[in-house]
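Undergrad: The primary structure of each chain is shown beneath.
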Amino acid sequence: MRKKLLAVLCMCAIVVVGHSQTTVSGKITDAATGLPLAGVTVKGKGTAVASVSDADGKYSIKLAASVKTLIFSFVGYTDFEAAVRAGNLDVSLTNAVSNLTEVIVTGFGGSQIKRELTGNIARVRGKDIEYLPTPSVDAALQGKAAGVFVNSQSGKLGQAVTVRVRGNSSISANSQPLYVLDGIPMTANSQSSYGGATNPLTDLNPNDIESIEVLKDASAGAIFGSRAANGVVLITTKRGKAGKTSVTFNYQTGSSEASKRIKMLNSQEYATLILEGAKYRDDLDGTPLNDPSSWTTYVKNDVMDYYSYGGWSKDPTKTYDWQDQVFQKGPYRQADLQIKGGSERTKFFSSFQQLDQTGTMIGNKISRTTGRLNIDQKANDWLDLGVSLSLSRTFNQRLPDDNAFSNPLQAIALMPMTPFTDPNTGLPAGTPPGDVNIPIYYNPVITVNYASYAQDVYRTFGNAYLKANLMKGLNFQTEFGVDYLSQNEEGYFQSQTVRNQSRASSGLGSNRGAFVTNYNTQSYFSYNTVIKQKHNISATLGMQYQQSQAKYNYIEGTSFPSNSYQKIASAATKSDGSTSQSDFRFLSYFVRANYTYNEKYILALSSRIDQSSRFGKNSRSGFFPAASAGWILTNERFLENSKAVSFLKLRASYGVVGNAEIGNFPQLGLFSGDAGYAGAAGQRPSQLRNDNLKWETTKQFDIGLDFGFLKNRITGEIDYYNKQTDGLLLNVNIPATTGFTSMVRNVGKLENKGFELVLNTQNLVGAFKWSTTFNIARNIGKVKDIQGQIIEGGVSSMNRVQEGYGVGVFFTPEFAGVDPANGNALFYLNTKKADGSLDRATTSNYNLAQRIVAGDPNPKYIFGFTNTFSYKGFDASIFFNGVSGNQNNIYGMGRYSSASMLYEDNNTADQLGRWQKPGDVTNIPQVRLYRVNGSQASSRYIVDGSYIRLRSASIGYTFGSKQLSKFKIERMRIYVSGQNLLTITKYPYWDPEVNADSFDSNIAKGNDFYTPPQPRTFLVGVNVSF
Amino acid sequence: MKILIHNMSNYYKAFLLMSIITLAGCEKKLDISPYQSIADDKALLNESDVQVTLVGCYDGIQSAAAYGGDILVLNDLIGNTADINFTGTFAGLSDAYQTQMTADNSFARDTWIAAYNTINRCNNVLSAVDKVTSSTAKKNSVEGQALFLRASMFFELVKLYAKAVGDGDYSANPGVPLILTPTGNVTDADYPARATVKAVYDKVIADLVKAESLLPTTNGNYATKWAAAAQLSRVYLMLKDYAAARDAADRVIASSGKTLNPDFTKLWFTFINNGGATPAEYLFSMKVTSQDGTNSQNTYFGRTIGTIPGTAGRSDCKIKAAHIAQYENGDVRKGFFVLNGGNYYTQKHLDRFGDVAVIRLAEMYLTRAEANLRLGTIVGATPLADLNRIRNRAGLPSLLLATLADITKERALELAFEGQKLIEAKRLQTPVGTLAWNDPKLILPIPRREVDVNKNLVQNQGY
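Those sequence lines, one after another, are chains H and C. In case it helps, numbering that gives the first Met the number 0 puts the first sequence at residues 0 to 1025. In case it helps, numbering that gives the first Met the number 0 puts the second sequence at residues 0 to 462.
Okay, chain C solo, but in the shape it has when bound:
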């Protein structure tokens, strides 16, 4: 190079110098970062980081595939040819409705993915909960919420993907993998086997009990002590621990300060009717707004009704006359169906936005009534009083005597199309269509992608 420069004019020299400068590196320019994301090691450093991650847990559980509605829709659709005529084109739901699911059912897959995604978010919060230092109350609240959300997902998973309690030995039956730490680098430990149904229930109870003790009594849009207690009452009911179920329900009724809304019809259309305010009767619900979230109960049960502006939906779930016939005349709930295009649709889910109700107070009365009746106790109130409270609100006269059948029928009608159908059948061991309550076809497949990728997972019977 030196020689060339000797023989060159100054122009050339300058030019060559410039060229060499151009050729020289600018490696620092390669150090750039993403804009919409931050490095994981900078994400959970302080209290505020933990709090926004907790909000992320709610975002996770609000997914359409989780409490955004699919978990509830699946519970209502699987085998429910008695109440619903499902005419939708989503093959995953259509197969679930006809109990002809295959291992690659997309709804079984997506709910599994969404639930564990939420669980990992919760585990991230729980791993960093010590960073919440401003007050013990705040720390307790954060920890309680993460435990509640995680336990809720495990509870839903074990109900959908495993044999029901009472179907064989639940301490031997495979449940779902219990994941309790956040995922970092993927190692062999991230290929878990299924914990037993009992192990999952034990963990769910432990977490919910702890959550109930940690959570505050009021908490805006987020989970409260009463949400945890209510969820716990459901768990105990599944386990047939009626005393514990009764007590949990009683705690909610006695201490939450919540009351039944005197007008049943005002519990719904929360966006159209209430401007998006959560009805006081809801113990836990998913907020859905025009900005955020999807109400998938609305997606499948809803329909665009010309006379009710703001309604929408795919009109997939047409309610059969046989279902409506089960309500007594004069029941407000009997009139809560809309006839449109020759078919009935429930009015519970016509609203695109508003809340997806996960647990309502009304259920607590029915739980307490059933448990009291089964145990012959009258904790909080008599079974008849609790039952009549629900009947009266629906515009029906009081009964003089409450039987177990009265209470379970009331429960089925009160909670119709709110995602309790399948699990109630399994709990009460009543048939689903032509299938016995414990038929393997009523259990979701472990998603094919999951079994394919994780050899430690055992597939459910029949898939």
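Okay, chain H solo, but in the shape it has when bound:
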């Protein structure tokens, strides 16, 4: 049977060749530059006969007599159609006004022209994120891809970033997408052990990237099976092209600064408030204010005077804004060199980068050095091979986590009368030998001056491939890739920091190594054929094996001879040490088939079988199928000649994907040997067994419409999706009386539904060009069933997983303002009445107030809006992004700084509006020194986190080759650009794009805890090509 089929196939090919009567040849050039274009596909319309132009732009194609039209297509250029005429036919192509001709990478060697894509894949061109002062590629995706929510969380450099594709589809398992770099699943989880999570994607130079594809729907993702439920981000690096070697050098420099300060009380205002609170207590006790044992006397002498080195009573107006001490202007410098070129047989791309950035917070610095070489070699007519290799070093001078007294931004809590400098020693307040108990809290400047915590990462991404053409249309490719991450963290706390690091009384040193080896091998057959010029069939069949090993070691020492000795070799006491290891493995098989009929009807099927060491033997294997279909209406008669509608495709997909990011060995019942006591070894039960544990399953339906109007000057996509996740891997709370607080179970369901709209328009196409891209997405996430489990996190456990709401909503009593009669903070009871409604009576007894859903950290809408302009040599772009409908939790700082003087922290200026006398109507309760009045967790601290941000803007001028030829420069562009220039928001603190690193988890989002804001950066740069 097969033999016959093959014979038929061969016959067809012969028939096609035999009937061809016309030969067309010519040269293809770029309409703008006149330079030849290599690699242009030339095709007879309605046929599969195609040819490709060579390095000189020359092509030749033989066509059947029936073929009337030739189509010339090339990535980034508008398709060009010409009537067939024998002989010479030279054409010139113009830059594409639409992206319908883009080639989309689909994984495992697959690619598809956007026009024929049936799954939902967002593509971001490397060009669009080039030379942004954003050190990691995920942060650069912000606002660029519809339905991809990015929150940079903190202004600390190299810090972890939250990315959610089409909502959060998990509760306990990791919800970050899978990152695949040139075929290797990357190590993307933080390896940091200090100062919150870091972002291992920072080790990749974003300027090496040719394109980023975000696989959003199940049809696109199913080929990644159990790891695709959070979306898959395929990163493809640049490769060489045949032709002249081009050398591009880019240099940019500038500086960053925090974009906002919070208005705090000055010394006089602070004194007014705290004395008012003291008076309240004295009146209550019946103590005269001037009594030596009164609160008032205590506050004057032992608080305000003591913590100002006696300065307050001398000059009560002298104010120190501690934000001045910890914010700084940080210089930024980045140099990039890219060299690419090659011959028909050998092509290469190489790049080098040096980046140095100083943070907007004192003590924070990052520098990155990267080098890359990608080589592709044609060994002979049937064998291709190649290597990609990237080496990088990222050095990060870290800051403590947000919830540490040594976090520089916590200096804002210090009293405004406390001077920056101890007048007795001339050193920063609180530095020994001065009084270490001033200021009221530890002065974080001391840690910056007398401690260091550095993270040094060496990273290698390497990938080698062999590709053999076994017969016409059938290829076999095998790849081997390694992602090796070697990280050293070294900390040293000098004795001056002892108030903060109690163990640093004679120095505290630590050194931690992390070695994460992640190797991946994959092999696949791919087959491509065209039958009877109408049936286009392609198929892929293959396997993938991934093995990840993480090894860690740690040593800590105390008792150093002096602060000059900072290596643990000099520590008299080796106070701590450990080594550990954790592995995981995946073995997978996959198959994919695409069928296109007559460029009108498209069908795609794919599936994957995944097995993993993370699951028990009973449920080790998962099957993930998907199907999708498309109909290109504009290739039908009734629309073929429409002037208005140039492109219209309807597509739909359905499939099953999984999420296996639950950590390693969650299924086993375990004892751990870490329970020693007083020098004796011990063990303890550490995890409860669950034999039935398996991955989470997400079933996703997507329906979409791709359109192009007015010769594709307006293009876009509309999608509706419905993602249903069940068997959620929940870290389920169980009664602590069992000896455990949680266990992992497959319970629960959630859904994410939404729509996405992408609109690209060419507003002006003449000499003055103006184009706009706009994307907006609405996601409605809803937890449907958690079987009554209580899952909480975040600041004061206020984030909660609540059925009927998005993951991690803020669940807390509802603040009802202040009782005008007595200044008491009030809360709504919100108890359920017999009729089911809520009792809206108020109470000052916090414990009687029921918790309600008071906010949601997940935005309702996310959007991005880019305008690019060019005129002659000038170019400009302006990019806004935003989120709306989400809330943030400011209880982290609010409980101290808006707490009616429960603590001696400085207060935000709005606290001046407090209740003072009966009849006052305000939302700020009466000041009561060291007494709780409204500072409990409540909706008082849940605030709107929506924002619109001018994320980046740039303006540049490109000198033409004529102007520069005498300098042997082909092209030169100079530019200025800015990041985060403007933020429109109602958010009261520094930055609404925030999440405190000390609390960050899947469900703990939107928390602000003295979290540093995003930097505002100005740059000037020059880009030169030789």
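Hints are computed from structural coordinates only; laboratory data are not their basis. These numbers were taken from a predicted model, which means no experiment stands behind them. Note that the Cβ used here is the ideal one computed from N, Cα and C, for glycine as well. Misleading hints may appear alongside valid ones.
[As the list claims (entries may be wrong)] The calculated label-pair distances, taken between Cβ atoms and stated as ranges, are: (1) C:G305 with H:F351: 48 to 56 Å; (2) H:G576 with C:S212: 38 to 46 Å; (3) H:L283 with C:I377: 28 to 36 Å.
[Stated by the list, open to error] List of simulated lysine-lysine pairs, BS3-like, C-alpha gap at most 27 Å: (4) C:K454 with H:K748; (5) H:K278 with C:K319; (6) C:K440 with H:K831.
[Said to hold, decoys possible] Here are some, though not all, of the chain H residues that point toward chain C, as calculated from beta-carbon distances under 10 Å: (7) T737; (8) T740; (9) G787; (10) S795.
Dock chain C against chain H, hints included.
TA: For chain C alone, kept in the frame of chain H given last:
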């Protein structure tokens, strides 16, 4: 496939063969195990396994949230505005100090979790104690220690989370869940209701009595017969069974061979002063070293004093002058406070490492004295002799007559800031600040997470 191979050169054949081999599975590679942990069914197979699990029980009870100090700190802080000015920022402690606790008080939560975690570890040991076969003495010791540690946690739980004995009917008042078997698979049985206060006390007494009979007289860093007897004396005191309390205390004094350290000040700073050696007077304590453990009494009561190297702490608990005024002049203990930055701090907890004292011998004398006095007996010694022994050690002259008030005052001063304040008030039914001894605000909430997850638990009044 066969057909393709026919038409191919040998190169292709070799290549294709290689490809198929590459594609073939390697499922065995998925069988990997964790490195820092072992499967639970391989963890308790022999004597040595049971012994290291017993060490794990001490590791559990040493948790900062348990006898690492929080249980003691909570007892000292709740409502104690008379002795302490608490200025710390931990909301859970601040609320406890001001008796404004809410059901999600993090200290109430963490102590509950740590105590039951330790109880489960003990239950694992007790379930496998038959594996200890090398000698009966060893088996008895292992069983006795596990029973002692488990009973100690139930005793602390019932004191913190339930109504005191004497407050209503203790055979009806809810105590805490009694968990006596190790947790395997979680079933409905793992969602227990609260046993009555009486049931918890009965079990605590039964376990401690058994522990005392099984435990050895000396046991290195671990629990001895005397630790069990001393704990038992506390239990009986709570139940107002003065005869039993007296006898238990007397057994310790008479037979433990331990004596009071003549210098009160040498009982503290155990790491700085004694190089980490446990003072002989301690009957049971938690070892804290630079390698292991946290002394949370130090965390909250301690302070970095420039003139005493090695001191540390958050300076949260400033001792009020009113407290210091209660000591007589000449009392060594009156001088055992350090004035720093305008505030007094107790010197009992300045040391980061060393021991967290759970029970000291001095308390046994005071217990025996009080019980003898109440009963009109003179078992072991007269109440006056026992009282004067403590006074004399503190550098004070002997009294000529001992009243109950003398003894309870001495007890309050001797054990000040050692975690007995609240429970003494409940035992003696004396007010705590402005609150009556049995005010519900002086009882910790059953942790919100626990009530939320286990519907069989009844919350305490007022939460």
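Undergrad: Against this structure, judge whether each hint is valid.
TA: So, going through the hints one by one against the coordinates:
no.: 1; hint: C:G305 with H:F351: 48 to 56 Å; result: holds (52 Å)
no.: 2; hint: H:G576 with C:S212: 38 to 46 Å; result: holds (41 Å)
no.: 3; hint: H:L283 with C:I377: 28 to 36 Å; result: violated (49 Å)
no.: 4; hint: C:K454 with H:K748; result: holds (22 Å)
no.: 5; hint: H:K278 with C:K319; result: holds (20 Å)
no.: 6; hint: C:K440 with H:K831; result: holds (25 Å)
no.: 7; hint: T737; result: holds (4 Å)
no.: 8; hint: T740; result: holds (6 Å)
no.: 9; hint: G787; result: holds (8 Å)
no.: 10; hint: S795; result: holds (8 Å)
Comparing the model with each numbered hint stated earlier shows that hint 3 is the single one that does not hold.
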